[in-house]
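Asker: Keeping the supplied structure of chain B fixed, place chain A upon it in accordance with the hints.
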Amino acid sequence: MKKCLVLLENNQPNLPLELLEVAHRIFEKSSVFTVGLPLDSQIASSAEYFDVLVHAEGSQIPAYDTANIALIAAKLHEEYGFDCIIVPATNYGRMVAPRLAMRLDVGLVADVTGLEQVNGQLEMIRPAYSGKLFAGIVKKGMGPLMMTIRPGVFPAATNPFKTTQHRVFPFQRKSSGITFIGSREKPATKDIRDSEVLISGGGGVLEHFSRLQDLSEALRGQVSASRRIVDSGVASRKIQVGQSGKTVSPRLYIALGIYGSVQHMEGLKNVQHLISVNIDPLAPICSLADVVVVGDAVDFIDQLLKRIQR
Amino acid sequence: MKIVCLIKFVPDVEEDSTNRILNPDDACALAYALMIKRRNPETIIEVVTMAPRTVMGHLEDLLRLNVDLATLISDKAFGGSDTWATTRILARYLQQTNYDVILTGTHSVDGDTAQVPSQLAEICDLPQMSNILAIEAGSFLAGKPEIEVDNDSSIQTFQVELPAILSVHKDSSYKLPYVAYQDLNRDVSSQVRVLTNLELGFLPEEVGLEGSKTQVNRTFVQKWSKEEKLIVQNDEDGIETVYGYLKKNGFLL
Chain B
1 MKKCLVLLEN
11 NQPNLPLELL
21 EVAHRIFEKS
31 SVFTVGLPLD
41 SQIASSAEYF
51 DVLVHAEGSQ
61 IPAYDTANIA
71 LIAAKLHEEY
81 GFDCIIVPAT
91 NYGRMVAPRL
101 AMRLDVGLVA
111 DVTGLEQVNG
121 QLEMIRPAYS
131 GKLFAGIVKK
141 GMGPLMMTIR
151 PGVFPAATNP
161 FKTTQHRVFP
171 FQRKSSGITF
181 IGSREKPATK
191 DIRDSEVLIS
201 GGGGVLEHFS
211 RLQDLSEALR
221 GQVSASRRIV
231 DSGVASRKIQ
241 VGQSGKTVSP
251 RLYIALGIYG
261 SVQHMEGLKN
271 VQHLISVNID
281 PLAPICSLAD
291 VVVVGDAVDF
301 IDQLLKRIQR
Chain A
1 MKIVCLIKFV
11 PDVEEDSTNR
21 ILNPDDACAL
31 AYALMIKRRN
41 PETIIEVVTM
51 APRTVMGHLE
61 DLLRLNVDLA
71 TLISDKAFGG
81 SDTWATTRIL
91 ARYLQQTNYD
101 VILTGTHSVD
111 GDTAQVPSQL
121 AEICDLPQMS
131 NILAIEAGSF
141 LAGKPEIEVD
151 NDSSIQTFQV
161 ELPAILSVHK
171 DSSYKLPYVA
181 YQDLNRDVSS
191 QVRVLTNLEL
201 GFLPEEVGLE
211 GSKTQVNRTF
221 VQKWSKEEKL
231 IVQNDEDGIE
241 TVYGYLKKNG
251 FLL
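Just so you know, the sequences run in chain order B and A.
With our numbering applied, the first sequence covers 1 to 310.
With our numbering applied, the second sequence covers 1 to 253.
So here's chain A without its partners, still in its complex pose:
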């Protein structure tokens, strides 16, 4: 079985730094693929990402986890692409690639539109499901995965025909393993392939900012403020003020 894991490296939002990390939902998807490969070593895993070349080190770390192949789609011309253009770029590569299933995350912590997996499914004519909490391994290996999906108040179970795009949610709690000690410095450079627009062949006006269907007009910081504000310390007077405020507004009898 050949699994394509579609992944993205994102800014570490929680740590508020410029470090990039593997998007948490995508990490769960890759962790699942690696678990399948441990059960069936003939499984082939290819990670695919569109990113600047600076993510190369991160990709090599994933290869040391027993991923077979990494494809980095990288070209200055692709910079600034919205989800519509990004989807078309990824689809052009995927349409010339063999796979049985595409595993990816549901949300990314930076853009958080959750659009690309569903958009890809539409142009590749594949079934797709988001917010996956569990994929039953036996049925997955048999080519008819049974999945559990978070639908707010309920959990729904489906069977999906392959090929399909399965978008995992991080609440699935599939965890990436650590790199084995003997692999820490393993040379994996031969397993990485970089694809540019030379190979994919888009016209300049089809991709990047120019090829996008949406455009960020401006960004701004929202001003939040209340005109009248009580500021108190966490002491007896302060507690009395809060108590009085709650009482006055009917929250305490």
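One chain only, chain B, in its complex shape:
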């Protein structure tokens, strides 16, 4: 039997199942004993999928106290001797995992998007160097496999319910040096990950990005953007699709003047219908498209809107 530690973050309902799916893919044939450690203390719905769910004793440890969370995880590893540690690539998960990796002296692979067995060794696949390539990375040396996984990359599989043992872990929290002062919501825009239809713009519509709004209204969708647009300051990072933005799975994705870097394509998972409008039919994103329209994307918006309104 293989043992696996999974770190959890509260505000991501599907994440526990996604990360458990990763554990089962790593150890295909073996049964996996799973221990869950929430990054913040309240965790409800995911409980019944784990063998053990750990709660630190005494004061709640907030997610931003990454040093103490790494310390608890390290103590758990001392006890259980995990074969694998899976951490969500959320803001705080990405700060906890490196600390834990140093504490355990093991290699850590960030943002894993695929897993493959090559010559009896597990390759962790991730987009690599300047984003033109994918790299298959293997672990060297002793200790558990360790990786971070972005939400939405591995589809959640159904998992059998388990009788979860809730375990209170004795722990003396050390000073973190970080004091929480307050929090404010960012202006509410609907999350692009929740949208069935995304009208997405890239460098080809940089000068006319606001025009995408009309088409998104006609198709009852939302506007999203490539990194090029976001880096130019034309749109907020919240609507960025791709490796440094969000991973989306809409039913319809209309890519307007988007080139399709590897990082951008990584943000597209299980898109059912993809229409690419580009002056270059050989742009990488066109290879992923169901329909390729060769031409100017801004002109396309005008023409299609006219046709819809007819």
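It cannot be assumed that every hint is accurate.
Here are the computed lysine-lysine pairs in the DSS-like style, where the Cα-Cα straight-line distance is at most 27 Å [what the hints assert, rightly or not]:
#, chain 1, residue 1, chain 2, residue 2
1, B, Lys306, A, Lys247
2, A, Lys247, B, Lys190
3, A, Lys175, B, Lys246
4, B, Lys238, A, Lys170
5, B, Lys186, A, Lys170
6, B, Lys140, B, Lys2
7, B, Lys306, A, Lys229
Sample of chain B residues facing chain A (criterion: CB under 10 Å; computed from the structure) [to be verified]:
#, residue
8, Met1
9, Ala70
10, Ile72
11, Leu76
12, Pro127
13, Lys139
14, Pro155
15, Ser175
16, Arg251
17, Ala297
18, Asp299
In short, the hints are calculated from the structure, not lab data.
Cβ atoms here follow ideal geometry from the backbone N, Cα and C, with glycine treated the same way.
Answerer: Same frame as chain B, now just chain A:
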């Protein structure tokens, strides 16, 4: 106050060239340090980078911006180090250096693992925070910086005790100034120090490819393709095809 800015020169991914540029997040961190130095000229800024010696020209440009000292950690033995080995190399230097705070970026545009700052914090036993959008200057100068952190749907505010590692995000929009005209050709060579493994003293098997805990097994180009594809022109027929496709699949009533 002594600020160490931990920086990295990266390929210019946007321009798709072999030119190296200062990593955008790191540029924001350095820009903040320079802004602090303008407010309090007694501030000392040291930039630290691990890189081949070919970045020397870039480092000299930073020194002409009013950075006091540049430390270039450079040795063939360090080439191929993963983040685990890189962190250990940087930590060995930082542990013998004085500083009040380490400012750096959150992500690098090449590796984009965002691991090194948090890993350094762990071995140097320091608080660390990533995705910083703002550092309030008054509290920073008073040694108790108040920071604003991007946490996806919210912005959180924290106070951090120094010394600490603060990882700035480029959405902070701190901008590097230009080199002043009279400084364009200023000789800054005396302000650069190169450290090799002679000074840091790692065994060959502790660093580089051999000393790494992860290894790139292979790289490959992903093949993306759809079997059945409609290719149309952006004309009346093409628009009609798209319209029909949207209608057929239920996106238009």
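Asker: Each hint: holds or not?
Answerer: Do the hints match the structure? See the list:
{"no.": "1", "hint": "Lys306(B) / Lys247(A)", "in the structure": "holds, 15 Å"}
{"no.": "2", "hint": "Lys247(A) / Lys190(B)", "in the structure": "holds, 25 Å"}
{"no.": "3", "hint": "Lys175(A) / Lys246(B)", "in the structure": "holds, 26 Å"}
{"no.": "4", "hint": "Lys238(B) / Lys170(A)", "in the structure": "holds, 14 Å"}
{"no.": "5", "hint": "Lys186(B) / Lys170(A)", "in the structure": "holds, 17 Å"}
{"no.": "6", "hint": "Lys140(B) / Lys2(B)", "in the structure": "holds, 19 Å"}
{"no.": "7", "hint": "Lys306(B) / Lys229(A)", "in the structure": "holds, 24 Å"}
{"no.": "8", "hint": "Met1", "in the structure": "violated, 25 Å"}
{"no.": "9", "hint": "Ala70", "in the structure": "holds, 7 Å"}
{"no.": "10", "hint": "Ile72", "in the structure": "violated, 14 Å"}
{"no.": "11", "hint": "Leu76", "in the structure": "violated, 16 Å"}
{"no.": "12", "hint": "Pro127", "in the structure": "holds, 8 Å"}
{"no.": "13", "hint": "Lys139", "in the structure": "holds, 6 Å"}
{"no.": "14", "hint": "Pro155", "in the structure": "violated, 18 Å"}
{"no.": "15", "hint": "Ser175", "in the structure": "holds, 8 Å"}
{"no.": "16", "hint": "Arg251", "in the structure": "holds, 8 Å"}
{"no.": "17", "hint": "Ala297", "in the structure": "holds, 8 Å"}
{"no.": "18", "hint": "Asp299", "in the structure": "holds, 6 Å"}
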